[in-house]
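Participant: Protein chains in written order, with full-length UniProt numbering: chain Z, 1 to 390; chain A, 1 to 539; chain Y, 1 to 253.
In case anyone wonders, no lab produced these hints; they're calculated from the structure. In this text, all values refer to a predicted model and were calculated from it rather than measured experimentally. Among the hints, a few may not be true.
Unchecked claim - In silico SDA-like links for lysine to any residue, alpha-carbon gap of 25 Å or less:
1. Y:Lys96 with Z:Gly186
2. Y:Lys96 with Z:Val160
3. Y:Lys80 with Z:Asn188
4. Z:Lys361 with Y:Ser102
5. A:Lys511 with Z:Ser155
6. Y:Lys61 with Z:Ser155
7. Y:Lys80 with Y:Leu127
8. Z:Lys13 with Y:Glu36
9. Y:Lys80 with Z:Ser155
10. Y:Lys96 with A:Ala425
11. Y:Lys79 with A:Ser77
12. Y:Lys96 with A:Leu339
13. Z:Lys322 with A:Thr355
14. A:Lys511 with Z:Arg253
15. Y:Lys26 with A:Pro526
16. A:Lys239 with A:Leu303
Said to hold, decoys possible - Taking beta-carbon pairs under 10 Å as the criterion, some of the chain Z residues facing chain A (in silico):
17. Leu27
18. Phe151
19. Ile165
20. Ala291
21. Phe324
22. Phe332
Note that the Cβ used here is the ideal one computed from N, Cα and C, for glycine as well.
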Amino acid sequence: MISGFILRALEGKIVVAIAVLIAIAILVPVLNLLTPPDSALHIPTYAMSLFGKYLCYALLALALDLVWGYCGILSLGHGAFFALGGYAMGMYLMRQIGPRGTYGNPVLPDFMVFLNYKELPWFWFGMDWFVVAMAMVLLVPGLLAFVFGWFAFRSRVNGVYLSIITQAMTYALMLAFFRNDMGFGGNNGLTDFKDILGFQVQADGTRAVLFALSALVLALCLLTASAIVRSKFGKVLVGVRDAESRVRFLGFRVENMKLFTFVVSAMFAGIAGALFVPQVGIINPGEFAPANSIEIVVWTAVGGRGTLIGPIIGAVLVNAGKSFFTGAFPEFWLFALGGLFIFVTLFLPRGIVGTIQHGFKARKALKAAADAEKGRGDAQTVAQAVQAAE
Amino acid sequence: MIFRTFVQAFFACFILSFSVPAFAQSGADPKPLIDGLAKADFAEAETLIGQIAATGDVRVVPALDAFAEGDLYFRKSDSAVFIGKTGDAGLDLTDPLTGVSAGTVPKSAVTKIKINNNLRRVISSATGGLTLLSPDRSVRLAAADAVLASPGAENLGLVEAALAKETDPEVKLRMTEARAVSVLSSDRSIDEKRDAIRTIKTIGGNNALSILSAVSGSIDPSLKGDLDAALAALQSEQKLWDMAQNVWYGLSLGSVLLLAAIGLAITFGVMGIINMAHGEMVMLGAYSTFMVQEVIRNHAPGLFDWSLTIALPVAFLVTGAVGLVIERAVIRFLYGRPLETLLATWGVSLILQQTIRSIFGPTNQEVGNPSWMSGSFPVGGMTITWNRMWIIVFSLVIFFALLVVMKKSAYGLNMRAVTQNRRMASSMGIRTPWVDALTFALGSGIAGIAGVALSQIDNVSPNLGQSYIIDSFMVVVFGGVGNLWGTLVGALSLGVLNKFLEPSVGAVLGKILVLVLIILFIQKRPRGLFALKGRAVEA
Amino acid sequence: MNTIAETRSKSLLYLENVSVSFDGFKALNSLSFVVEPGELRAIIGPNGAGKTTMMDIITGKTRPDTGTVLFEDTIDLTKKDEADIAQLGIGRKFQKPTVFESHTVWDNLELALNRDRGVFGTLFYRLSAEDKARIEEILDTVRLTHRAQEYAANLSHGQKQWLEIGMLLAQEPKLLLVDEPVAGMTDAETVETAILLREIAKTRSVVVVEHDMGFIRDLGVKVTCLAEGSVLAEGSIDFVSSDPKVIENYLGR
Chain Z
1 MISGFILRAL
11 EGKIVVAIAV
21 LIAIAILVPV
31 LNLLTPPDSA
41 LHIPTYAMSL
51 FGKYLCYALL
61 ALALDLVWGY
71 CGILSLGHGA
81 FFALGGYAMG
91 MYLMRQIGPR
101 GTYGNPVLPD
111 FMVFLNYKEL
121 PWFWFGMDWF
131 VVAMAMVLLV
141 PGLLAFVFGW
151 FAFRSRVNGV
161 YLSIITQAMT
171 YALMLAFFRN
181 DMGFGGNNGL
191 TDFKDILGFQ
201 VQADGTRAVL
211 FALSALVLAL
221 CLLTASAIVR
231 SKFGKVLVGV
241 RDAESRVRFL
251 GFRVENMKLF
261 TFVVSAMFAG
271 IAGALFVPQV
281 GIINPGEFAP
291 ANSIEIVVWT
301 AVGGRGTLIG
311 PIIGAVLVNA
321 GKSFFTGAFP
331 EFWLFALGGL
341 FIFVTLFLPR
351 GIVGTIQHGF
361 KARKALKAAA
371 DAEKGRGDAQ
381 TVAQAVQAAE
Chain A
1 MIFRTFVQAF
11 FACFILSFSV
21 PAFAQSGADP
31 KPLIDGLAKA
41 DFAEAETLIG
51 QIAATGDVRV
61 VPALDAFAEG
71 DLYFRKSDSA
81 VFIGKTGDAG
91 LDLTDPLTGV
101 SAGTVPKSAV
111 TKIKINNNLR
121 RVISSATGGL
131 TLLSPDRSVR
141 LAAADAVLAS
151 PGAENLGLVE
161 AALAKETDPE
171 VKLRMTEARA
181 VSVLSSDRSI
191 DEKRDAIRTI
201 KTIGGNNALS
211 ILSAVSGSID
221 PSLKGDLDAA
231 LAALQSEQKL
241 WDMAQNVWYG
251 LSLGSVLLLA
261 AIGLAITFGV
271 MGIINMAHGE
281 MVMLGAYSTF
291 MVQEVIRNHA
301 PGLFDWSLTI
311 ALPVAFLVTG
321 AVGLVIERAV
331 IRFLYGRPLE
341 TLLATWGVSL
351 ILQQTIRSIF
361 GPTNQEVGNP
371 SWMSGSFPVG
381 GMTITWNRMW
391 IIVFSLVIFF
401 ALLVVMKKSA
411 YGLNMRAVTQ
421 NRRMASSMGI
431 RTPWVDALTF
441 ALGSGIAGIA
451 GVALSQIDNV
461 SPNLGQSYII
471 DSFMVVVFGG
481 VGNLWGTLVG
491 ALSLGVLNKF
501 LEPSVGAVLG
511 KILVLVLIIL
521 FIQKRPRGLF
531 ALKGRAVEA
Chain Y
1 MNTIAETRSK
11 SLLYLENVSV
21 SFDGFKALNS
31 LSFVVEPGEL
41 RAIIGPNGAG
51 KTTMMDIITG
61 KTRPDTGTVL
71 FEDTIDLTKK
81 DEADIAQLGI
91 GRKFQKPTVF
101 ESHTVWDNLE
111 LALNRDRGVF
121 GTLFYRLSAE
131 DKARIEEILD
141 TVRLTHRAQE
151 YAANLSHGQK
161 QWLEIGMLLA
171 QEPKLLLVDE
181 PVAGMTDAET
191 VETAILLREI
201 AKTRSVVVVE
211 HDMGFIRDLG
221 VKVTCLAEGS
231 VLAEGSIDFV
241 SSDPKVIENY
251 LGR
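Chain Z on its own, in the form it takes in the complex:
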């Protein structure tokens, strides 16, 4: 049963994408660690970290695509799941600092000493164990998505309304995490990390491993997403997106389908956040900002929602563009991003990958129509196929 589930996922493009990701996971760290800095093939550490960050964003975009592209739920709050995953990882990293902090307190992180905490808040307990922290990376975003989705989908909050309350959710969390007495470092967030599993966070080797992990985890999530999308469940999801009431009248519990997808997607986002934090070295409440969540939507839209590869390509391209612009012409970045939004919605509604795929499908449809004409002479079919192709 499970093997069928996985095997189905391994369709042509996905296999290629996974192979590419694995190759990147091996090649980039190798080129970073094993080539001399003056070699033409050398990849500097900062570039690798930057690329690692893009891969985390790509996973985040994939997560959004699962709910938006396949299920029609436009979440404007996915940044919240990402940030929660990041905070879970950040808490683990904070606890690893131990007595090396400025105040030298072996238990309390610096900001708690500074804010006169007498003891560790209950939700920090156990976060010094990697396993617990990693469980939290999945559980906290998953639980939030579950509770939120359980209410929202049961009462059939749809479309725009859902988008707006997801935005309210991340906004409320941002305000909450800005508060000092939440116990998450307030404004400054969590930073000054030292070790992860005993390895120095800043060390080249650790960074290389983190990078490789990002690529591999992305590949794994892509495989999972592909398996979901290609199952009967995935087809039901697309049905929900296109004709929700039909799905209901066929006897499916749409709210359960949405809930499952939303929770899986939130967990993906949480994982992305957890991989992101050690690579950038900080997590703060700014990650909850509604604008960040909207940016995820852009990456997905640019790459092509409703395709699995699209969001990955979109996230990497847009963020590479952002790095380039903010370095070279900082004034123009928002113009470029804003213009990209407008351009994509007006002229490329399927996104890059979606447009290419659609072109292929149209050609296939034309060919099928031509065959049908030879075989059956069904003129109507041809006309329709041509119409569809246009």
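Given chain Z's structure and the hints, the job is docking chains A and Y onto it.
Facilitator: Coordinates of chains A and Y only, in the frame set by chain Z:
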């Protein structure tokens, strides 16, 4: 303001019905009394001071002040009394009443009139009372306040005299209070004191509470009951005022939300465009105000008080025009795809923000308050600032103006027709693209007008719009999409709710709670407070 | 009393005194309506008579303000939602053909098959030989075998209507509610649809809402005429169409 006048008129009537005890000004000429000081001993001087004050002639104040300062002298030759100031050549004398110079004499020609602390006290309360009769309204007011601050039985007569003559309602109110307070520390009858307590209680306010608490220690035991009752009543009244103040703050916040949301109620609520650039329209309106004020500052500073009035049409036209361009260039291709309008308009908002940032820089711009927007005035136990009050008035005016346009005008009818059934409307000869463009421009223009008002209470920076966008959406969704009344009720109730939560949980947590409540509310009523019901909506 | 109880116990679908109003507008006004097992029933009535609202109530999309709605005499449909009711065996075809346009015809039918509809059941579903045979059978019934691998979006309007009927068959319902199945069909398609529905009604109850009187005549079944939310007349097509109230309210002179 009207309310305030009403209160004053009320108390004026109240006070007129008061029986003023027989204490009239003697009206005597103060000159001989002052001259009498020359030969008086301390006891006689005290009597004389009383008599001088009783003349009710405010001209004696400088003389009495000089006496207290030890600057009052009498001429040895004729015992005439003068105010003397030490000058280069001896003592410069002036007439104690008229202030006319009487020449300079050597110190040996005059004798200083002796003063002691008891007399100083008598003088100070006498002059305090005397200024109650000053022709200058603000001096009288200050004098009444002075009596209120240090009440004493010795002023009672003067206060009552002043009260009988007073015509200005505000001063009169203050004097009535001052009289009542003085009565409490005098040896008047218990009944009169009881009346005084009642008077102070009736006038009310924070002041009354502190006055009564201050005398509670020294009060006659038989009045203890009355006093405690009055205190309790005042305290509960104070609570009510606090509540009223909270409601006021809430309405004030609500009106800001209303202003911010009202344009969105059109672009999002009526047209179905998830207009993420809405906040930037507000921001453009605020920058229009800034530009108008800049021009006025440089070319016609005298017009500054008119700057907002000028800025309103300017902002409306600027943002309306920008809205028109956005609709024609982007949004018209996206009707019926609400989630895509979200993306495109967010792109627009980024571009607008960056444009403003490139032109004006990222920092806050200085937008001034015209004089009629500054300051505050008290109403009973609360304080109301003019700018907040005008913003409430303004938001309601805009709201009702818009309501009239939507419900009564031919354009409003066309617009509703287009939004309800586009194809039908166009087949009936309505030029739907034109109506769309105008409607979006109208929504944007109103956002711009809101920006003019918000420039008065918020920082004018390129990020201004971002801080309103989420709240605006909350208001529209909470109120019910497509329903202007819903937006009004939504904005005001969210504002009040926020301000009632704030004292107990703090501003940030209050806001979070409000957001959570809205999220929960949407689950219960997915289409807001005032939702359209029925089959058509679902389709 | 006895007869009512008897009608009820024999019925497949039983509506009694059902009322619902939207913002003061009475969409249904103490409507009573009974469908027996194996019956094919046609419903006619002017726009706003409450035909679609009645279907909404039966399928759980709308809750009635008052009244009884029973399925197989024991199941209170007013307490169930759409998914429950569909799983009980009530299928519904919409007025506007509603199929999954971005899926192939085959996938549309596969989704509709009466199999485990839970999250994990669908995640790990594999097409069995039995299911494959069933889909092929339905494809044949709705005359879409030659287009099985095409996207539903590319079908003609009539073919989409048929595909939707096919999906309902795959659902294996005991009761099929069909809303205006021949709207926008050619005459030839209309005739074929009538044949198809009669075929389907052999194994289950079918309720058809239709405006096309010719089509109703083709079906040759008991007709219920609704107006202003309640039943105006019930009986054979000739009986109903000669009723003066029906003529006045619906058919016109």
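Participant: Each hint: holds or not?
Facilitator: Going through the hints against the structure:
no.: 1; hint: Y:Lys96 with Z:Gly186; result: violated (54 Å)
no.: 2; hint: Y:Lys96 with Z:Val160; result: holds (24 Å)
no.: 3; hint: Y:Lys80 with Z:Asn188; result: violated (50 Å)
no.: 4; hint: Z:Lys361 with Y:Ser102; result: holds (12 Å)
no.: 5; hint: A:Lys511 with Z:Ser155; result: holds (24 Å)
no.: 6; hint: Y:Lys61 with Z:Ser155; result: holds (13 Å)
no.: 7; hint: Y:Lys80 with Y:Leu127; result: violated (30 Å)
no.: 8; hint: Z:Lys13 with Y:Glu36; result: violated (53 Å)
no.: 9; hint: Y:Lys80 with Z:Ser155; result: holds (14 Å)
no.: 10; hint: Y:Lys96 with A:Ala425; result: holds (22 Å)
no.: 11; hint: Y:Lys79 with A:Ser77; result: violated (115 Å)
no.: 12; hint: Y:Lys96 with A:Leu339; result: holds (24 Å)
no.: 13; hint: Z:Lys322 with A:Thr355; result: holds (18 Å)
no.: 14; hint: A:Lys511 with Z:Arg253; result: violated (35 Å)
no.: 15; hint: Y:Lys26 with A:Pro526; result: holds (23 Å)
no.: 16; hint: A:Lys239 with A:Leu303; result: violated (42 Å)
no.: 17; hint: Leu27; result: violated (35 Å)
no.: 18; hint: Phe151; result: holds (5 Å)
no.: 19; hint: Ile165; result: holds (5 Å)
no.: 20; hint: Ala291; result: holds (7 Å)
no.: 21; hint: Phe324; result: violated (17 Å)
no.: 22; hint: Phe332; result: holds (8 Å)
Checked against the numbered hints above, the structure violates hints 1, 3, 7, 8, 11, 14, 16, 17, 21; every other hint is satisfied.
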